[in-house]
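Chemist: If you want the building blocks of each chain, they are given just below.
Number of protein chains: 2
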Amino acid sequence: MTTLGALGESAVLARIFPRLPQADAQLVGPGDDAAVIAAPDGRYVVTTDMMIHGPDFRLAWSSPRDLGWKAAASNLADVAAMGAVPSALVVALAAPADTSIDFLEAFADGLRDGCAELSPGAGVVGGDLSVSDVLTIAVTAFGDLEGRQPVLRSGAHPGDVVGLAGVPGLAAEGLRLLFEHGVSDGVPDASAAARVAAEHPVPVAAQLRPRPPISSGRDAAMAGATAMLDTSDGLAIDAARIASASGVRLDVRGLSREEFLGGEDHCLLATFPSDAQIPEGFRVIGSVAEGSGLSLDGVTVGGDGWDPYRGWNGGAG
Amino acid sequence: MTTLGALGESAVLARIFPRLPQADAQLVGPGDDAAVIAAPDGRYVVTTDMMIHGPDFRLAWSSPRDLGWKAAASNLADVAAMGAVPSALVVALAAPADTSIDFLEAFADGLRDGCAELSPGAGVVGGDLSVSDVLTIAVTAFGDLEGRQPVLRSGAHPGDVVGLAGVPGLAAEGLRLLFEHGVSDGVPDASAAARVAAEHPVPVAAQLRPRPPISSGRDAAMAGATAMLDTSDGLAIDAARIASASGVRLDVRGLSREEFLGGEDHCLLATFPSDAQIPEGFRVIGSVAEGSGLSLDGVTVGGDGWDPYRGWNGGAG
Numbered sequence: 021m022t023t024l025g026a027l028g029e030s031a032v033l034a035r036i037f038p039r040l041p042q043a044d045a046q047l048v049g050p051g052d053d054a055a056v057i058a059a060p061d062g063r064y065v066v067t068t069d070m071m072i073h074g075p076d077f078r079l080a081w082s083s084p085r086d087l088g089w090k091a092a093a094s095n096l097a098d099v100a101a102m103g104a105v106p107s108a109l110v111v112a113l114a115a116p117a118d119t120s121i122d123f124l125e126a127f128a129d130g131l132r133d134g135c136a137e138l139s140p141g142a143g144v145v146g147g148d149l150s151v152s153d154v155l156t157i158a159v160t161a162f163g164d165l166e167g168r169q170p171v172l173r174s175g176a177h178p179g180d181v182v183g184l185a186g187v188p189g190l191a192a193e194g195l196r197l198l199f200e201h202g203v204s205d206g207v208p209d210a211s212a213a214a215r216v217a218a219e220h221p222v223p224v225a226a227q228l229r230p231r232p233p234i235s236s237g238r239d240a241a242m243a244g245a246t247a248m249l250d251t252s253d254g255l256a257i258d259a260a261r262i263a264s265a266s267g268v269r270l271d272v273r274g275l276s277r278e279e280f281l282g283g284e285d286h287c288l289l290a291t292f293p294s295d296a297q298i299p300e301g302f303r304v305i306g307s308v309a310e311g312s313g314l315s316l317d318g319v320t321v322g323g324d325g326w327d328p329y330r331g332w333n334g335g336a337g
Numbered sequence: 021m022t023t024l025g026a027l028g029e030s031a032v033l034a035r036i037f038p039r040l041p042q043a044d045a046q047l048v049g050p051g052d053d054a055a056v057i058a059a060p061d062g063r064y065v066v067t068t069d070m071m072i073h074g075p076d077f078r079l080a081w082s083s084p085r086d087l088g089w090k091a092a093a094s095n096l097a098d099v100a101a102m103g104a105v106p107s108a109l110v111v112a113l114a115a116p117a118d119t120s121i122d123f124l125e126a127f128a129d130g131l132r133d134g135c136a137e138l139s140p141g142a143g144v145v146g147g148d149l150s151v152s153d154v155l156t157i158a159v160t161a162f163g164d165l166e167g168r169q170p171v172l173r174s175g176a177h178p179g180d181v182v183g184l185a186g187v188p189g190l191a192a193e194g195l196r197l198l199f200e201h202g203v204s205d206g207v208p209d210a211s212a213a214a215r216v217a218a219e220h221p222v223p224v225a226a227q228l229r230p231r232p233p234i235s236s237g238r239d240a241a242m243a244g245a246t247a248m249l250d251t252s253d254g255l256a257i258d259a260a261r262i263a264s265a266s267g268v269r270l271d272v273r274g275l276s277r278e279e280f281l282g283g284e285d286h287c288l289l290a291t292f293p294s295d296a297q298i299p300e301g302f303r304v305i306g307s308v309a310e311g312s313g314l315s316l317d318g319v320t321v322g323g324d325g326w327d328p329y330r331g332w333n334g335g336a337g
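Protein chains in written order, with our numbering: chain A, 21 to 337; chain B, 21 to 337.
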């Protein structure tokens, strides 16, 4: 088996780069000290995120292709949550020296598929490859605001409606199923995980290969969204962030406890003026009021109110 | 002792962010899904690099402040090597759960000092903090070309002169000294390293707190540099990269073997038209000829020629 340690960084990169998606915005690509990317409106959006083997994923559950996909998807979602169109990513990977080239190629294929299916035109413009005992993925993603103002967390106003794009709760359900049934003697196990995935394909795919509604970010911005974020920590926590940053109260209705708490949903949660045309892909799940904090179906959450997390185990690792 | 694991990511970030340098180009800073950065000429330069405990640094030798400094410096140098002015960085850090907040604050201080001293106006616009058994630093840095074309590796022409800014060989000498004398029973040792640093402050500082000539990148571009790169792998390897990418031969003169081989020098190596005014900070070390490959003082390097690496130990870890 050809490994990273045996082949060396340069030779491995030569095998990997042709598999990576090319970015439409790329002016100078991989191979020099740095890449050069177009920023047509004179600004660019930037987000960075690390995924660590152990806390963030388990190789018994995620294929390398899953990892590439998820690394792309989660960062593209943060770009979309600003109302931007993702343009490019740089990807740094550190892997054990005995990692096979097949693994690294499949990881690159996952990046390519994730970009192609979720955000066509976005691509990988550079990267870095290192050796580490702990498999570590660091992605930085960029986006283009197309002349619009970024949609921050802080712009929600009383009277706005709350919209949600994407399906909350599923990814946490997938993680719960994997922790409950994807183990053998308490340790993540590939065969057990394959059985779970066959029986519950939708929640497991939501966990391992999330499909954030990337283009809905731009749609929301064009519809006049006043605030938006990516619900990576679950709808309840992220809705509270909009409430806090905007100095308002969010009243959410009609979600189950599982949908409300969630985790790694990568939905887009946005607020819109009451007279806005809510874009396709969003459903209205509540409204913005004066005050602070959050409620679900009229019951205040947190503070002296309901603690929705009591007894909750979304399977978070 | 307050640790990363005990305090949690959000609380730690609240302690760290006020210490980080603010970027002049920052339009939206940390705290939302993504940052927004100005790209005045409609393009931006991007480079990314990971530093891993073990292969890339040892905590017995580098203080957290050194690490922050070096993480900034090495990425700023890649931006400068495109002829750009560094504008912003995003920094992802993964550290063991028992890492002290003092350590993380000192790391942030190193980032701040590195930016302030090497490239005033550049700052940290976002980041990510994770838990990992292996201390891992991933920096992505950005720069502004100010309307100029990027200076690639591929533009050197026969007749050009070769210029060098920065001091080659010192960082490798520092690493060699640390490997030779900064150990106890063969293991990196802080007390032994402190003695080495006291006896040989210049090479050890070049290794642990490099000072790449960042502003010389812009100066070279404005003087018409035809090719440029950051000599992170040592002058010989990086000069051969310019030769290969440009389809020319580089004839280098007047360097010692130690200066020629180096490693982690973070010098800027550039080629200029023969009639160019070589900017302050650069010294002429050779010329560009038709052909391929590299020579030092008339002796061909590599291929069937001299193998300067025979018996070489730059202390590379």
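Just so you know, the hints here were simulated from the structure itself, not pulled from any lab data.
This one's a predicted model, so the numbers in the text were calculated from it and none came from an experiment.
No residue lacks a Cβ here, since even glycine has one placed at the ideal position from N, Cα and C.
A few of these clues could be false.
If the Cβ cut is set under 7 angstroms, some of the chain A residues that face chain B in the computed set are [what the hints assert, rightly or not]:
no., residue
1, Gln-46
2, Ala-55
3, Ile-72
4, Pro-75
5, Leu-79
6, Val-99
7, Val-110
8, Ala-112
9, Leu-172
10, Gly-175
11, Asp-327
Pair ranges (Cβ atoms, derived) [unchecked claim]:
no., chain 1, residue 1, chain 2, residue 2, range
12, A, Pro-178, B, Glu-300, 36 to 42 angstroms
13, B, Met-242, A, Gly-322, 32 to 38 angstroms
14, B, Gly-311, A, Ala-117, 35 to 41 angstroms
15, A, Ala-31, B, Asp-44, 25 to 31 angstroms
16, A, Gly-62, B, Glu-310, 20 to 26 angstroms
Residues from chain B that face chain A, not an exhaustive set, calculated with beta carbons under 10 angstroms [said to hold, decoys possible]:
no., residue
17, Ala-31
18, Gly-51
19, Asp-61
20, Asp-69
21, His-73
22, Ile-121
23, Leu-172
Chemist: With reference to the structure, classify each hint as holding or not holding.
Modeler: Status of the hints after comparison with the structure:
1. Hint on Gln-46(A) is violated. Least Cβ distance to chain B is approximately 10 angstroms, over the 7 angstroms limit.
2. The beta carbon of Ala-55(A) is positioned within 7 angstroms of a beta carbon in chain B (closest approach about 5 angstroms), and the interface hint is therefore held.
3. Interface hint at Ile-72(A): satisfied, since its Cβ lies 5 angstroms from the closest Cβ of chain B, which is below the 7 angstroms cut-off.
4. The beta carbon of Pro-75(A) comes within 6 angstroms of a beta carbon in chain B, closer than 7 angstroms, and the hint placing it at the interface holds.
5. Using the Cβ-Cβ criterion of 7 angstroms, the hint placing Leu-79(A) at the interface with chain B is not satisfied: the shortest such distance is roughly 15 angstroms.
6. Interface hint status for Val-99(A): upheld, as the beta-carbon distance to the closest one in chain B is roughly 6 angstroms, under 7 angstroms.
7. Given hint, Val-110(A) at the interface with chain B, holds; its Cβ is 4 angstroms from that chain's nearest Cβ, closer than 7 angstroms.
8. The beta carbon of Ala-112(A) comes within 4 angstroms of a beta carbon in chain B, closer than 7 angstroms, and the hint placing it at the interface holds.
9. Taken as an interface hint, Leu-172(A) checks out: its beta carbon lies about 5 angstroms from the nearest beta carbon of chain B, inside 7 angstroms.
10. Evaluation of the Gly-175(A) hint against chain B yields a violated restraint, the C-beta minimum of about 11 angstroms exceeding 7 angstroms.
11. Taking 7 angstroms as the C-beta contact cut-off toward chain B, the hint placing Asp-327(A) at the interface is violated, the least distance being around 18 angstroms.
12. At about 59 angstroms, the beta-carbon gap between Pro-178(A) and Glu-300(B) misses the expected band of 36 to 42 angstroms.
13. Judged by the Cβ atoms, the range 32 to 38 angstroms given for Met-242(B) and Gly-322(A) is violated: they are separated by roughly 56 angstroms.
14. A hinted range of 35 to 41 angstroms holds for the C-beta pair Gly-311(B) and Ala-117(A), which are about 37 angstroms apart.
15. Checked against the hint of 25 to 31 angstroms, the pair Ala-31(A) and Asp-44(B) fails, with Cβ atoms roughly 40 angstroms apart.
16. The supplied range of 20 to 26 angstroms is broken by Gly-62(A) and Glu-310(B), whose beta-carbon atoms lie about 42 angstroms from each other.
17. A cut of 10 angstroms between beta carbons decides the hint on Ala-31(B): the least distance to chain A is about 15 angstroms, and the hint is violated.
18. Annotation: interface hint on Gly-51(B) holds; nearest CB of chain A at approximately 8 angstroms, less than 10 angstroms.
19. Checking Asp-61(B) against chain A by beta carbon gives a least distance of about 8 angstroms; that is within 10 angstroms, so the hint holds.
20. Taken as an interface hint, Asp-69(B) checks out: its beta carbon lies about 5 angstroms from the nearest beta carbon of chain A, inside 10 angstroms.
21. Annotation: His-73(B) was flagged as interfacial toward chain A, and the flag holds, the nearest CB pair being 8 angstroms apart, inside 10 angstroms.
22. The interface hint given for Ile-121(B) is broken, as the beta carbon of that residue sits about 19 angstroms from the closest beta carbon of chain A, more than 10 angstroms.
23. Look at Leu-172(B): its Cβ gets to within about 5 angstroms of chain A, closer than 10 angstroms, so that hint holds up.
In summary, the numbered hints that this structure violates are 1, 5, 10, 11, 12, 13, 15, 16, 17, 22.
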